[in-house]
Amino acid sequence: MFPANFDYVAPRSIDEALQLLKQHGDDAKLLAGGHSLLPAMKLRLASPQTLIDLGNVSGLSGVRLEGDKLVIGALTVHADVGSSDLVRKYFPGLVDAASVIGDVQVRNRGTIGGSVAHADPAADFPVILTALDASFVSQSIGGNRTLAVDDFFTDYFTTAMAHGEILTEILVPLPSAHSGTAYHKLAHPASGYVVVSAGVMVTRQPSGSCASARIAIGGLGSGPIRAVASEAELHGKLLNPSTIAAAAGKAAEAADPDDDIYASAEYKRHMATVLARRAIEAAVQRAAS
Amino acid sequence: MTAEAEYAALPITVTVNGVKHEAEVEPRTLLVYFLREQLGLTGTHVGCDTSQCGACTIHLNERAVKSCTILAVQANGKTITTIEGLAHDDEFHPVQEGFREKHGLQCGYCTPGMIMTAADLLRTNANPSEEEIKHALEGNLCRCTGYVNIVESIKWAAEKIGAKNVSR
Chain A
13 MFPANFDYVA PRSIDEALQL LKQHGDDAKL LAGGHSLLPA MKLRLASPQT
63 LIDLGNVSGL SGVRLEGDKL VIGALTVHAD VGSSDLVRKY FPGLVDAASV
113 IGDVQVRNRG TIGGSVAHAD PAADFPVILT ALDASFVSQS IGGNRTLAVD
163 DFFTDYFTTA MAHGEILTEI LVPLPSAHSG TAYHKLAHPA SGYVVVSAGV
213 MVTRQPSGSC ASARIAIGGL GSGPIRAVAS EAELHGKLLN PSTIAAAAGK
263 AAEAADPDDD IYASAEYKRH MATVLARRAI EAAVQRAAS
Chain B
72 MTAEAEYAAL PITVTVNGVK HEAEVEPRTL LVYFLREQLG LTGTHVGCDT
122 SQCGACTIHL NERAVKSCTI LAVQANGKTI TTIEGLAHDD EFHPVQEGFR
172 EKHGLQCGYC TPGMIMTAAD LLRTNANPSE EEIKHALEGN LCRCTGYVNI
222 VESIKWAAEK IGAKNVSR
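Protein chains in written order, with the working numbering: chain A, 13 to 301; chain B, 72 to 239.
Rather than coming from a laboratory, the hints here were simulated on the basis of the structure.
Predicted, not measured: the structure shown is a model, and the values here were computed from it.
Ideal placement from N, C-alpha and C gives every residue a C-beta, glycine not left out.
Be a bit skeptical, because a hint or two may be false.
[To be verified] Chain B stretches covered by chain A per the calculated footprint, using a threshold of three residues with CB under 8 Å from any CB of chain A:
id, stretch
1, 150 to 160
2, 163 to 175
3, 214 to 222
4, 226 to 234
[Stated by the list, open to error] Cross-link-like lysine-lysine pairs, in silico, BS3-like; alpha carbons within 30 Å at most:
id, chain 1, residue 1, chain 2, residue 2
5, A, K54, B, K173
6, B, K91, B, K149
7, B, K149, A, K34
8, A, K41, B, K205
9, B, K173, B, K149
10, B, K91, A, K54
11, B, K173, B, K226
12, B, K91, A, K101
13, B, K205, B, K149
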């Protein structure tokens with residue numbers, strides 16, 4: 013299999029890439045690691061006229077601390093997100109997610125920005141980044157803007173970014189003290205993609221009760237869905253097994269999943285409660301240590 | 072001018088198994104086909120051609136990747152190692168030896184990819200547990216189902232590399 017023909021350009025800077033995007037209009041696609049786009053092109057599901065390869069643009073990969081935020085370059089490959097000392101220190105839940113995407117070779121090549129911008133409803137990073145209250149820096153010729161995760165994933169394979177914008181950084185606010193994060197996933201046995209997944213960030217009060225929680229569920233809709241009923245159930249309560257079970261039981265309340273060839277809607281809803289419970293338990297445990 | 076002419080071949084420079092190659096490729100040429108058909112390095116196999124099976128695994132800038140899901144133009148300026156470049160001075164890589172010693176192959180189709188993935192694992196983790204070996208092989212499929220001996224082969228290689236490091 014090989015893609016339909018296209019023109020290939022490899023800009024050296026973001027400014028050059030933005031100019032090329034403007035020049036080629038809607039017929040152009042940005043290429044990062046290529047692990048979603050190239051398979052789609054080989055299947056002729058996508059046939060862009062021009063590929064703008066961001067691989068030679070410097071300064072787009074790596075993880076750094078900036079004030080009270082962790083800044084992850086959009087071109088950072090999954091393996092480097094998962095092995096970053098900063099990510100490991102502050103966000104074990106992000107390490108959970110980075111470690112279960114595809115396989116070793118895919119994680120050596122696929123990028124976090126590519127995954128986020130592609131907005132596959134069965135992707136891992138969008139779910140955990142929703143739980144972590146991340147935001148996304150998008151550059152355009154006019155300047156740049158920062159988009160909050162809750163406004164970012166607007167539909168299947170669709171984000172709030174417009175054509176002509178390039179996602180350059182993912183910002184993750186550092187958690188307050190006594191916080192824990194976790195990500196649990198039911199993977200499709202053949203493809204490895206998400207059937208259902210849950211990402212959680214929990215902050216404990218010194219008393220052991222819940223100061224705040226963000227819970228996101230993947231696989232039940234066009235993108236990550238905040239389990240607000242579960243979050244409300246945890247808020248202010250002692251983080252014991254019965255509270256956690258009660259909160260997890262509401263994880264699919266805001267969702268209306270479809271049956272598909274692998275899993276019924278009922279099974280997906282049930283698995284959302286199971287995975288939410290496991291992820292909350294893991295996050296609470298990490299918050300305590 | 073024909074439609075094809077609009078997609079002129081692009082010049083690339085890649086170092087493959089220590090040898091620098093200057094070549095021209097169509098933008099849509101996948102790296103695995105460049106290696107096999109333009110450089111004649113047919114040790115890298117095309118299996119599923121959909122980034123599942125890992126038969127096309129090579130090292131790009133020293134990391135195991137699937138060459139069916141990378142454009143040859145994306146490899147411009149980079150360093151590649153294929154199965155043909157793993158042995159040095161007629162001495163096999165320990166993983167290659169391990170596959171021979173422990174009978175890590177049946178039909179051999181998946182073997183180059185298995186070996187390239189295993190070599191990358193042992194570079195970053197010289198003493199992996201059985202669980203870590205299995206986890207690392209997640210992206211490599213063997214349809215003869217010889218996984219038991221593949222894992223044994225990699226364990227053998229890890230021990231050999233360990234013994235070598237101790238004797239130094």
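What hint numbers does the structure not satisfy?
1, 2, 3, 4, 5, 8, 9, 12
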